[in-house]
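Each chain, letter by letter, is given below.
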Amino acid sequence: MIRNIKNNFKFVRNIFRLKRSLNPDPIFLRSARGKFLNSLAPQRISLRHHILQWSHVMAVIIIALGGTGSLAAFADIKDVPVTSSLYEFKRVSEATRIVLIPEEKKPDAHAKLAARRLKEIKQAQPVLAVAPTTKTISALQTPASASAETATPLPILKKLDEELRHEISKAIEQRAEERKDINENKKTEREKVKSDRRIRVCKLAAEAAEKNLIELRRGGALEKSCELDF
Amino acid sequence: MKEPTELNKLAERLKKNDPQAGGEIFDHFSTPMYRYFLVRTSQKETAQDLMSESFSRMLEHIDQFNIEQGNFNSWFWRIARNLLIDTYRQKKPVQSLDSMQDAGIDIVDPTERILPHVELQRVLKIIKTLPDDEQELFNLYFVADISYADLSEMMDKSEANLRVLVHRLKKKIIELSN
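As you go down the protein sequences, you meet chains A and B in turn.
Using this note's numbering, the first residue of the first sequence is number 1, and each one after it goes up by one.
Using this note's numbering, the first residue of the second sequence is number 1001, and each one after it goes up by one.
Just so you know, not all the hints are guaranteed correct.
[To be verified] What the simulated footprint calls covered on chain A by chain B, stretch by stretch (three residues with Cβ under 8 Å from a Cβ of chain B suffice, anywhere in the stretch; the number is not a length): (1) 8 to 22; (2) 32 to 39.
[To be verified] 27 Å max Cα-Cα, derived DSSO-like pairs, lysine-lysine: (3) B:Lys1016 <-> A:Lys19; (4) B:Lys1015 <-> A:Lys19; (5) B:Lys1171 <-> A:Lys6; (6) B:Lys1125 <-> A:Lys6; (7) B:Lys1044 <-> A:Lys35; (8) A:Lys10 <-> B:Lys1170; (9) A:Lys35 <-> B:Lys1009; (10) B:Lys1002 <-> A:Lys19; (11) B:Lys1015 <-> A:Lys10; (12) A:Lys10 <-> B:Lys1171.
[As the list claims (entries may be wrong)] Between beta-carbon pairs, the in silico distance windows are: (13) A:Lys6 <-> B:Lys1016: 24 to 32 Å; (14) B:Asn1161 <-> A:Trp54: 27 to 35 Å; (15) B:Ile1085 <-> A:Ala64: 55 to 63 Å; (16) A:Met1 <-> B:Thr1129: 23 to 31 Å.
Quick caveat, the hints were computed from the structure, so don't treat them as lab data.
Glycine is no exception: its CB is placed at the ideal position from the N, C-alpha and C atoms.
Throw the hints in and build the complete structure from the sequences for me.
Below you can see the structure in the form of structure tokens.
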């Protein structure tokens, strides 16, 4: 009995000492732990977490773009007056349209925009002359000139007037360029016709010269001169 | 020592990429797993490699772990045991010790390399003389501290059966030691 207890105690002690002797080196354990946690981070965090993060960013961008685009389109279609808070959106839409439309339609577009500016000036003049409220003025002003122009609506009208002139000059420039192109085309056409005519005359002259030469050989008189008339 | 339910919760957190859970799982398993590999391979470097590889495999397959099919403890130990079996399969045939000694190579007993005490070396040598299934049971129960419940799941044996087997094994080792 006592021997059994003694043997059991010895066995337990040996197992305890065996386990303690077989324990890993703490330095290795620390390094392995670090590696394990590092391998956990990039593999599992990047795939799920980053996709989720980017999807949020993309959603925000899409919503922002969609919202701005819708507001701009709405303001443009409604042709909001200069006093409206959506006026800047209208201008963005107009600028985008001018950039996107084909070259041959640009003069008309500039002319339409000039007409719009004129209409805006007409709309804004009585309103601003009678009651230039802060709200109305701030809606019209650009941030850079806001402090200088809060007292009077005149600079705003001046600005609109400048923009109107700009649109008109743009339309005129485009028209002039178009005409120039058309004139150049006509000139090219005329030169082509003239060149054809020269070729034809040369051919006739050559034929006449040959005919005269034959006649001379036969002893006859010259029928036509060989002059080249251009 | 962590309870099986606690380990299952840690595994679920690890699935959701919780580094703290990863750290706790590492602290719980690393030492017994290293001891298990060291006794089986008798080489510190191999045991270290196998331990690191076990954690990598566990992380690779953590999404496949399902609580309804068993607890995390036995699932992870199964990965470790399979890894050891794969390593043994891939190992090239080694030269016999006699032929190496004949060739003038100084042979040191592997148990002497890993254990400093003569008495412990003797115990380990006795363990190495046991049949393979008994060696495995000794390593898993006495060296790696795996409970009867988890061993039952891992070895497809009832807990009562395992208790009898462990008792017999203990008796056998004591007899061989005297």
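Results for each hint:
Beta-carbon proximity to chain B at under 8 Å applies to 10 residues in the segment 8 to 22 of chain A; the threshold of 3 is reached and the given coverage holds. As drawn, the segment 32 to 39 of chain A meets chain B at 6 residues by the rule of a beta-carbon pair under 8 Å; at three or more, the given contact holds. With a C-alpha separation of about 33 Å, the suggested pairing of Lys1016 (chain B) with Lys19 (chain A) is violated against the 27 Å cut-off. Taken as a hint, the Lys1015 (chain B) and Lys19 (chain A) pair is broken in the structure, with Cα atoms around 31 Å apart against an allowance of 27 Å.
Restraint check for Lys1171 (chain B) and Lys6 (chain A): satisfied, since their Cα atoms lie roughly 13 Å apart, inside the 27 Å limit. Restraint check for Lys1125 (chain B) and Lys6 (chain A): satisfied, since their Cα atoms lie roughly 21 Å apart, inside the 27 Å limit. Among the hinted pairs, Lys1044 (chain B) with Lys35 (chain A) is consistent with the structure: their alpha-carbon atoms are about 18 Å apart, no more than 27 Å. At roughly 12 Å between alpha-carbon atoms, Lys10 (chain A) and Lys1170 (chain B) fall within 27 Å of each other, so this suggested pair holds.
Between Lys35 (chain A) and Lys1009 (chain B), the direct Cα distance comes to roughly 23 Å. Compliance with the 27 Å bound is thereby established for this hinted pair. Only pairs whose Cα atoms come within 27 Å are accepted, and Lys1002 (chain B) paired with Lys19 (chain A) is accepted, the gap being roughly 18 Å. With a CA separation close to 43 Å, the supplied pair Lys1015 (chain B) and Lys10 (chain A) exceeds the 27 Å bound. Taken as a hint, the Lys10 (chain A) and Lys1171 (chain B) pair is honoured in the structure, with Cα atoms around 12 Å apart against an allowance of 27 Å.
In this structure, Lys6 (chain A) and Lys1016 (chain B) break the distance hint of 24 to 32 Å, their C-beta atoms being roughly 52 Å apart. Between Asn1161 (chain B) and Trp54 (chain A) the C-beta distance comes to about 55 Å, which lies outside the given range of 27 to 35 Å. At about 57 Å, the CB distance of Ile1085 (chain B) to Ala64 (chain A) agrees with the hint of 55 to 63 Å. Under the hint 23 to 31 Å, the C-beta atoms of Met1 (chain A) and Thr1129 (chain B), about 28 Å apart, fit the expected range.
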